[in-house]
Amino acid sequence: MLSKGLKRKREEEEEKEPLAVDAWWLDPGHAAVAQAPQAVASSSLFDLSVLKLHHSLQQSEPDLRHLVLVVNTLRRIQASMAPAAALPPVPSPPAAPSVADNLLASSDAALSASMASLLEDLSHIEGLSQAPQPLADEGPPGRSIGGAAPSLGALDLLGPATGCLLDDGLEGLFEDIDTSMYDNELWAPASEGLKPGPEDGPGKEEAPELDEAELDYLMDVLVGTQALERPPGPGR
Amino acid sequence: LKCTEKYIYYLSFQSKSDIISTVEFNHTGELLATGDKGGRVVIFQREQESKNQVHRRGEYNVYSTFQSHEPEFDYLKSLEIEEKINKIRWLPQQNAAYFLLSTNDKTVKLWKVSERDKRPEGYNLKDEEGRLRDPATITTLRVPVLRPMDLMVEATPRRVFANAHTYHINSISVNSDYETYMSADDLRINLWNFEITNQSFNIVDIKPTNMEELTEVITAAEFHPHHCNTFVYSSSKGTIRLCDMRASALCDRHTKFFEEPEDPSNRSFFSEIISSISDVKFSHSGRYIMTRDYLTVKVWDLNMENRPIETYQVHDYLRSKLCSLYENDCIFDKFECVWNGSDSVIMTGSYNNFFRMFDRNTKRDVTLEASRENSKPRAILKPRKVCVGGKRRKDEISVDSLDFSKKILHTAWHPSENIIAVAATNNLYIFQDKVN
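Top line first, the protein sequences correspond to chains A and B.
Read in UniProt numbering, the first sequence has 35 at position 35, and its numbers run on one by one without any break.
Read in UniProt numbering, the second sequence has 62 at position 62, and its numbers run on one by one without any break.
To be clear, the hints were calculated from the coordinates, so they are not data collected in a lab.
Note that this is a predicted model, so its numbers are computed, not measured.
Where is the CB? At the ideal position from N, CA and C, for every residue including glycine.
A couple of the hints might just be wrong.
Rough simulated footprint, nothing fancy, chain A against chain B, three-plus residues with beta-carbon under 8 Å [what the hints assert, rightly or not]:
1) 73-85
2) 216-227
3) 262-273
Here are some chain B residues pointing at chain A (derived, C-beta under 10 Å) [stated by the list, open to error]:
4) 47
5) 105
6) 167
7) 323
8) 331
9) 332
10) 334
11) 344
Input sequences plus hints: build the corresponding full structure.
Shown next as structure tokens:
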């Protein structure tokens, strides 16, 4: 992938100008002229960024820095792709992020919802760790790391079998998954005293009392899952 | 050291298998440690100067090699933890043994490297091969004696600091009290006592309650060289926070906040990515900090938060290529930066196996190349130049010919002498200034 020289030299020259004047939210006077070529460049940049985001999330443990930078860049690109007519004049830079957010919401709700829930998925993945907590890491109650395995299921579905990540939004992917088995009470370390957080998305029901049969089923699933990976070693 | 002085190519060690991922001199410069992608640590020791061989002043030879980290499998999350060594930091030497910290993404280890040049002989209960003797056959007792043996250097893991980081560790830093150190991952920084491995103290936590709100991560952290209560950490948004541990237990509120206002004329979609700080280093004096972002190195005065006092362009010719560099992910490369012993010169790497030095006093800079083709023993390094446009001179290289797979991310500078170590993928180069 990395070649000795740089690819697409000509296209860069075309893109260079639009990128250089990409400051429309700071200087609305430029907006009308710059929009047309900029939109073309941004579209390929947008696709590239979405690809990167998708690829990053497909990693078993995404590089958080890479992910955050790509998401932030994607938001910028998307904000700039909105038509100028729909854009209210922006008096000062601090207003720009909120305008961008509004544009995000109106122009592509699926994208923003997907990105948001994907970032949230990360926190649930991390929360599955049984690591003992650092000594002074109390944190506010809402900052729970309650591990909800439905997220694992969601990321599994983001594998090669999935087409474009953003075609239907993620909500549709959860519809037929019974997530009552994976409610967090079973997984959270006892010392945490966790409760389901306010950010629980669709499909994560209140945890019912788990009876023995359900527990056995759950253990079979777990063991079955592990059998697909490497055989367990002597211990971590 | 003057930047215009040329360097003699001194020693090149070719690591056969793995990419070097960290390089660090110890506090005297006698030892140079490298960590690689395969979890190995290789330590080089400087040869003592000998009167017989004047020309072989202070070559670095392999002193010890050991496997620091192994790949691990986290069964709960079903993912593999890489054994790649992210950072090595030495402890100051307090006795005959050497101590260093090495870390991968999740676990920090304290290693003791010590020499053994004697061994005991003449045990009563064991024979020479170590087999137990039948006590009935022992009729006399003797005192075992120590006899000289060939020098053996052994590395033993003395402490393992595990299970304290949910995210990937990017930095470790030994405190000037020599009793504690910190480890930083994307969202948290923990403080450890060297003697205690089963708990650490969380001193910074920037994880948002709602992960959807995550927009910034920690990229590097370091303790002040003299003030054991002070440390800095940098972020992916190009900011540096200085914290004082005396102010509160959880240092979520910074004492100082360093950020340079964005230049509106240079704004692009990639502004944030190129502002992301990949390394932060205190000067030896403790008065300045140096930060490396994608295109520049900046020097900040601790007393001035609103802008750096010096900015050096590492490879500004890449500014017009950011789109391509974003496409091939090079824009995410994390370059480190280092000070020389007197804080007068700073050094950092670039592409095409180039590395750059900036003299803060004379404001002169030089570009050098670490490569086998151009370097022979005792050869003098020629300054390199990148041609940005128009006519290319004979010795210049055009931007489009640069090899972006040859990146110098890790360099180190001897604490007191003009000796530098440069890691170029899986090769280690050591250069020093001219011997008179």
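Against the structure, the hints come out as follows:
1. Look at the stretch 73-85 of chain B against chain A: 8 of its residues bring a Cβ nearer than 8 Å to a Cβ of that chain, three or more, so the hint holds.
2. Closer than 8 Å: that is the beta-carbon criterion, and the stretch 216-227 of chain B has 3 residues meeting it against chain A, so the requirement of 3 holds.
3. Proximity of the stretch 262-273 of chain B to chain A, defined as three or more residues with a beta carbon under 8 Å from a beta carbon of that chain, is established by the 7 residues found.
4. For residue 47(B), the interface hint is violated, since its Cβ never comes within 10 Å of a Cβ in chain A; the closest pair sits about 37 Å apart.
5. Restraint check, residue 105(B) versus chain A: the minimum CB separation of about 8 Å is within 10 Å; hint holds.
6. Restraint check, residue 167(B) versus chain A: the minimum CB separation of about 6 Å is within 10 Å; hint holds.
7. Annotation: residue 323(B) was flagged as interfacial toward chain A, and the flag holds, the nearest CB pair being 5 Å apart, inside 10 Å.
8. For the restraint placing residue 331(B) at the interface with chain A, the shortest Cβ-Cβ distance is roughly 9 Å, inside the 10 Å limit, so the hint holds.
9. The criterion of a C-beta within 10 Å of any C-beta in chain A is met by residue 332(B), whose closest approach is roughly 6 Å, and the hint holds.
10. Checking residue 334(B) against chain A: minimum C-beta separation of about 9 Å stays under 10 Å; hint holds.
11. Restraint check, residue 344(B) versus chain A: the minimum CB separation of about 32 Å is more than 10 Å; hint violated.
Consistency with the previously given hints fails for numbers 4 and 11, ordered from lowest to highest.
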